[in-house]
Structures are given as structure tokens and as C-alpha cells.
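Q: Sequence:
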Amino acid sequence: WRYQKLLTQFYLDQHQQDKALAVVQQYYKTHPKNYIMGMLYAKVLLLNKKYAETDAVLKQLEIIPFEGATDGRELYRETKLMQAVELMKAGNFKKAQGFINASRLWPENLGVGKPYEADIDYRLENWLQYTCNEKTGKAARNKALLQEIFAFKPQVDNTVRNFQPANELVTAWAYKAINEPAKGMEWLEQQTRAYPENNTIAWARSVYEQKPVNSTAVVARDANARILEAFLPLVKQ
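For the sequence shown, the numbering used here assigns the number 18 to the initial residue and increments by one for each residue that follows.
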């Protein structure tokens, strides 16, 4: 399996997701109990935008818990939110909310327990819910969602960060939603100064300013950036 894993990862590094899928799918179909390859198969399906198939694979996996094991749950969250975004783009905001709610769960079979609520960066989930509320006549609930977004404080404690860098864009959008776009820009400038080496925050700033941006490197490694990029067509509506 290690050779199959290395070859799959090689194709992913070359942004050849279709070739990666052909390799890992063939192996996993005959070795479904190998959860390491199962996670890789789910990841490749996800990158090929086969979200329902990814969901089905993740339900079958039994990942052995180990310290720092978060990959399975991160794949689960991205899969749910990508399906929510696809439904939103199709105008089905009611069904999308079910996937947003599901993305907040921590299935036991994925090998990681839920951390404290205060340590979870829910800004993206809250923003997608905010958008659904706007489209379904439930905007009265949005004040609380915006307050949650503004209340979240990104920080690094003992080299461990509590935030998703791409979500700085969500906070900026939230300021724009209350007609204070300058505060959104101020927020992004503040985060850029705090984390000058973070390319994802630089990407978020460029998107907010509607400047041309090469997102390939950022979205290749950042799930939140992938979800936000998929969501961008809804911003322009």
C-alpha cells in the first residue's frame, strides 16, 4: 500500500487528480479495511469534486484514534460544506442548511474527539448559515451569527493556532454585511501584520479587494480556501 500511497501523492502534487484517483481507487476497492488508504481515497474523491462518493467512503471508515489525528474529521467537514455550497449555488438553501449543520458534528468512526467549543473556528459555517438565512427569509437570526464571527479571536498558543487563516476573509465579509467595508479591510491588514508569512491570509486579502490572485497553491493545501473559492460565485450575485 505504501507504493500506491506514494504514487497517488505524486499525482496530487502534480495537480493530476484524475490520475491519482485511478491509482488509489483500484487499491482501496480490494483493500477496504486499510483506513490509511481509505482516508487518501476520500481525499482524492473530494479533490475530484465527487462529494457524495466521498461522504459514502467516510461513513465506512474506522480510523484508529491517535494523537493529532484530525485528517478524517477535516475531510468530513469539507465534504459536508462543499455539498452545502453546491446546493446553495443551485438555489436549494433549505437543504444546504442540513449539510451545514452536519458539518459541525464529530463522528466517532473518524478517530478524533471534539475539542472545546471555544477552540473551534466556526466562522465559515456561520457565514454559510448567514447566507442561507438571507435567502430563506430568516435574516432575523443573522445578528447572532455575525456577533459570533466578530467575537472569534484568532491566536497562537504554544505554536498551535486556534484559527483557519482563510476565515479572515469571512470576518471581513461580515463587516461588509453591516455596511462597514473599511473595517473589513482594517481587519485583514491587522491579520497580515500579525502573520506576515501566511500566504492564505494574503490570498484572503486579495479576494476581498477583488484583485487578481493565483489561488492554485493556496487551495491545494487549505480546505477552507477551497470551500470559499467554491462559494465566490454566490458573492457576486
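Do not rely on the hints blindly, as some may be mistaken.
Claimed, not checked - Each computed EDC-like pair below joins lysine to aspartate or glutamate, with the alpha-carbon atoms no more than 16 Å apart:
(1) LYS50 to GLU79
(2) LYS131 to GLU103
(3) LYS152 to GLU103
(4) LYS76 to GLU125
(5) LYS46 to GLU70
(6) LYS170 to GLU203
(7) LYS170 to GLU134
(8) LYS106 to GLU151
(9) LYS76 to GLU91
(10) LYS111 to GLU151
(11) LYS170 to ASP136
(12) LYS193 to GLU151
(13) LYS170 to ASP138
(14) LYS106 to GLU226
(15) LYS131 to ASP88
(16) LYS66 to GLU125
(17) LYS66 to GLU79
(18) LYS112 to GLU151
(19) LYS106 to GLU134
(20) LYS228 to GLU246
(21) LYS200 to ASP174
(22) LYS193 to GLU214
(23) LYS160 to GLU197
(24) LYS50 to GLU91
(25) LYS193 to GLU203
(26) LYS67 to GLU103
(27) LYS170 to GLU151
(28) LYS193 to ASP239
(29) LYS66 to GLU246
Everything labelled a hint here was simulated from the structure, so no lab data went into it.
Q: Check each numbered hint from earlier against the structure, then list the numbers of those it violates in ascending order.
A: Violated hints (numbers, rising): 2, 14, 16, 17, 19, 21, 22, 24, 27, 28; every other hint is consistent with the structure.
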